[in-house]
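Fit the two chains together into the complex; they arrive one by one in their own frames, and the hints show the way.
Each chain, written out:
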Amino acid sequence: MSQASNNKLFAKGWMIAVYIFLYLPIITLVVFSFNDSKLVTVWSHASLRWYEALAKDTALIDAVLLSLKIAFLSALMSVLFGTFTAFALNRYKRFKGRTLLSSMSSMPLVMPDVIVGLSLLLMIVSAQHWLGYPQKGLLTILLGHALLGTAYANVVVTSRLREMDGKLDEAAMDLGAKPWQVFTLVTFPLLIPALVSAFLLTFTLSFDDVVLSSFLSGPGYSTMPMVIFSRARLGLNPTINAVATVTIVVVTMAVIASSFYTSHQERKRKREEAQAYSDSNK
Amino acid sequence: MATAPKDNNKPAQEVLLRVENVTKIYDGTVKAVDDVSLTVMKGEIFALLGGSGCGKSTLLRMMAGFETPTKGKIFLAGQDITDLPPYQRPINMMFQSYALFPHLSVWENIAFGLKRDGMPKDQIADRVEKMLSLAQLNKYAQRKPHQLSGGQQQRVALVRSLAKRPQLLLLDEPLGALDKKLRETTQLELVNIIEEVGVTCVLVTHDQEEAMTMASRIAVMSEGYFLQVGEPDAVYEMPNSRQVADFIGNVNIFEGVIEEDEADHVTVRCPECVHYVGHGVSGHKGMAVGVALRPEKIMLSKNKPTGEYNWCAGEVIEIVYFGAHTTYHLKLDSGKVIKAQELNNTRDLSCGLTWGDRAYAHWNDLAMVVLTH
Chain A
2 MSQASNNKLF AKGWMIAVYI FLYLPIITLV VFSFNDSKLV TVWSHASLRW YEALAKDTAL
62 IDAVLLSLKI AFLSALMSVL FGTFTAFALN RYKRFKGRTL LSSMSSMPLV MPDVIVGLSL
122 LLMIVSAQHW LGYPQKGLLT ILLGHALLGT AYANVVVTSR LREMDGKLDE AAMDLGAKPW
182 QVFTLVTFPL LIPALVSAFL LTFTLSFDDV VLSSFLSGPG YSTMPMVIFS RARLGLNPTI
242 NAVATVTIVV VTMAVIASSF YTSHQERKRK REEAQAYSDS NK
Chain B
44 MATAPKDNNK PAQEVLLRVE NVTKIYDGTV KAVDDVSLTV MKGEIFALLG GSGCGKSTLL
104 RMMAGFETPT KGKIFLAGQD ITDLPPYQRP INMMFQSYAL FPHLSVWENI AFGLKRDGMP
164 KDQIADRVEK MLSLAQLNKY AQRKPHQLSG GQQQRVALVR SLAKRPQLLL LDEPLGALDK
224 KLRETTQLEL VNIIEEVGVT CVLVTHDQEE AMTMASRIAV MSEGYFLQVG EPDAVYEMPN
284 SRQVADFIGN VNIFEGVIEE DEADHVTVRC PECVHYVGHG VSGHKGMAVG VALRPEKIML
344 SKNKPTGEYN WCAGEVIEIV YFGAHTTYHL KLDSGKVIKA QELNNTRDLS CGLTWGDRAY
404 AHWNDLAMVV LTH
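Residue numbers (my numbering), protein chains in the order written: chain A, 2 to 283; chain B, 44 to 416.
Chain B with its partners taken away, still in its complex shape (with noise of 0.2 Å):
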């Protein structure tokens, strides 16, 4: 492709595509869209994540043209296409289905758009040459596309999308239809094939890790509107309410009300142990509020914590075995259950603790997020 090489750090900070106050209403009652906006920068990969009936598929529908928003308007580089019919946007999409054409073989499939917007002959066979070299496909043009694997078909269905060369290209659950092995070789191709053409992307997933590892922002979705929108890393380590948290990942919440509230630090009295979290949050004294704590930031042992704060003591409930961590249910003096996830890093495989035995969970003062809604 002839893009100049860029630095994928730093994306150039032209808004392209941009969402502003977006409604969809479904047989005059059903919201499946509340409200929505939203900017995409030139380059940015963005998901759209949540669980499904979130709104977010409808979204991406209204972005490329199959559905058009009850109130509100979505522009494009500038341009308001809020009403415009999908075949006049500069948009495509690569469908969860993959959608290819069963009756045309990969090349003309690869072709077909090309050939709607009535380009020269010569130049759609070099286009359509360089698209089945990107998806190293070129041994498979003359196939039709139930001849193909689901890998390749997914590749296929990708430089269909991207041979028009779209101003913005839309995924829809693009790892939907593969399985668990496919899925991480086939994420990195993707990402490496949209990264070598440059296109901005929006996708859609209900899979957080599928968000977290291609989107360079993501935007976690619930009842059509935005619970909370950011940077992968920002999103799982300061979620901004219960649902966001309980969503990415796991997480354990602790409910208690701040006691202290100072500058450089706030205490947290639970029912279970008092957190002392290292940095000031935007509550106040009294206020109650919940204690987020991810698994994998909690250690365990069998001795007592000499420190007042940040520990509490349980009984082994349940050891999940993953291969690289176990996962250890502690069921806390109070009846609650939490989760701790400890590396194996090392070979033997008894760190000391059995079911039924009882251990201490403890976690620094910067472990936690202290949630206010």
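Here chain A stands alone, though its shape is the one from the complex (with noise of 0.2 Å):
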């Protein structure tokens, strides 16, 4: 066998290891939440037993809702504080504090979530002790996953700024736009993109996040990662296994759309571009 064909087998040989250790785990899951035994390890026969289960199951049901509610709220807040700072970061050059500023936002992004869940905590305690506010739940993991979100929302704003040319901004203000018109009518609208990809990114950072919610969460807020987590410590039930189905659907049906949408875009465009030019030739 030569060379080349030998690399190519190797390769294939490669890609379907790397398929295989990052995906039957999860194909796993999903054939044993149709699984009829009590047991998570032993196949039996198929039902739909613990879809079932999981429909009377409130506390994992109210549990899924929290997430969700929280993962929205704390996206929208991590945009909108994202995109602040992406702005004063990139738009404003200079003015005092602005490296502090711009080594302080990406700051969450390494450090440990446990050091921020637990200074988080420390902070809160004390605030609860010297001003009787805010009682630890909905609120405070709102406001600790938006802190990690704003600083990942800041990194993908800054940068679509970054690429942007700065001079679409001027050529507006030169066309007679006031700098709040600029922003409106140019700065935003070419923002979408890079604010929805930031929506995504911080929703999912919120919803799996369980370090963050452990600390900051108070009683009655347990948040789906949180009860998945203690339920797995006391034995797994396959009902958890039928949950996890229900999202990697939802989440693949989401993925599975916005490339389809991209792609179709991506097409379109091109097609367009190869029309200018042909015209332009005639």
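The hints are simulated quantities; they were obtained by calculation from the structure and are not laboratory data. There's no promise every hint is true.
Below, a list of computed lysine-lysine pairs in the BS3-like style, where the Cα atoms sit at most 25 Å apart [what the hints assert, rightly or not]:
| hint | chain 1 | residue 1 | chain 2 | residue 2 |
| --- | --- | --- | --- | --- |
| 1 | B | K382 | B | K347 |
| 2 | A | K168 | B | K74 |
| 3 | A | K179 | B | K164 |
| 4 | A | K271 | B | K187 |
| 5 | B | K164 | B | K187 |
| 6 | B | K158 | A | K179 |
| 7 | B | K187 | A | K269 |
| 8 | B | K173 | B | K85 |
| 9 | B | K158 | B | K187 |
| 10 | B | K374 | B | K347 |
Here it is, written out as structure tokens:
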């Protein structure tokens, strides 16, 4: 066998190994969610038993709803604050404390979640002690997630702002747009794709966070990852498989839809560009 | 457009833009523009020409209002606009990158400025249609900028900056983004549109050809100040310094000393030859000067010229063929290399000179310029 086909074979084998490593656990999880047995590891026969159990498991459903609510609100806050930070750092070049803000805003990206969670907890406890506010619960989890999400949203929006032609702002101003009109008519519409991806990213971050939530949540506020985590310690119940499968299906559908939309837009754009060149050569 | 037909050879002598002693200093130390003053007449196309970092773009950006001068004032039609923000100036700019709004159609791009002025809808539609026909882009009104070719995008950028009928139009390297072939046709289109509208123009460029073909006056800039301001032919034929002569076109400069200084002629002795200049100059006897001689004004022959002045001899060391003309590099006996450009006015390519030949370069007594600094 030649060297080239050997390499090809190796590459293919490696690829399959990686796919198995990545997806076998997920496939197993999905398959076992349809298992009738109470044991997670032993297959008896197919049934929808655990989906019925899930429908009755109000604690778990409440946790999912709470997680969705927190993810949605904290993603909104993250995108808002992250965009403000990105603008301050990229559109206003010189101001006091810029370097400090620039390095501090990316700190949560590298800081271990445990440290962030612990320090937030200490802060909230002492705030409670002195001010009697805030109570641990929805608000504190939201703030923690928004803190982390802001750092990520800042990175996404910053990269978009950097690649955007700064001359567009100047052109708008030159044509008579006041600064706020420059933002609403030019900058904001062009930022929308970045804002959407920042939203999706921070939504996901918040939705699967367990460390920060554990530090910051109070009685009656257990998020989905927290519930799954605590039940796993008591011995897994296939209901968890069912809820995981539902999540996977929803997420996969969203990912497929968004990539289909993106590639469709890309193809349309390419076609139109080709059209422009053939027109101009007539 | 509703402008009266006007005589382009005789612009109205009315000052539109006046820049008074403008200086721009960045970060407290870097002088981008150094005490520049200039006036632009109504209807003029004025070019700021210079290499990168000479301050021409900074000057243009101060006219547009994107930068404020550290010192000095800018007046437009007598009104002090030094501190007005860009969106309050009756000045529009065409950007080098065009800066078309990618999320808006061609139509909306052109209407952008008109809407900001709160113009009634039917008038906007009317004006945009006029602009589209001016740019011959009526068919493309609903397209997005990325669906247009480079030349079309450029025309959209131009008519977008003309749509508000600005008193002054600023062009930043208007042809910088186009390839050479497209440049020539676009240059003419651009000038035609500008002249049809009759707008006063200040353009910035590093390309001397672009400046010479488009502008009625040129300011050559270097290190933040003007070296020379004048009409294109004056700047080319009568450069006032070695720097200008060197920057605009090709030039051979002979260093020498004025030997004879008369009212109707001077002679300059150089190591290579003696120049007889057929007019008086503002120098004095014994003064060290440079004699600038453009390559196209030099004639080559194999035979030794008979006169005493205005010729020198050397060896042909390089022949560069350009199609319409050929440039010969001649190594003089002193070791100096000069360039001579010969027009290829017959199809017979062998003018008799080849590598290694001894050739004589000669020129007439009005071909050169004496540079005193």
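Results for each hint:
1. B/K382 / B/K347: holds, 18 Å
2. A/K168 / B/K74: Cα-Cα ~23 Å, so holds.
3. A/K179 / B/K164: holds, 20 Å
4. A/K271 / B/K187: Holds. A/K271 to B/K187 sits at ~13 Å (cutoff 25 Å).
5. B/K164 / B/K187: Given pair B/K164, B/K187 holds - Cα atoms ~21 Å apart, limit 25 Å.
6. B/K158 / A/K179: holds, 12 Å
7. B/K187 / A/K269: holds, 12 Å
8. B/K173 / B/K85: The hint holds at about 23 Å.
9. B/K158 / B/K187: holds, 19 Å
10. B/K374 / B/K347: Holds, at about 16 Å.
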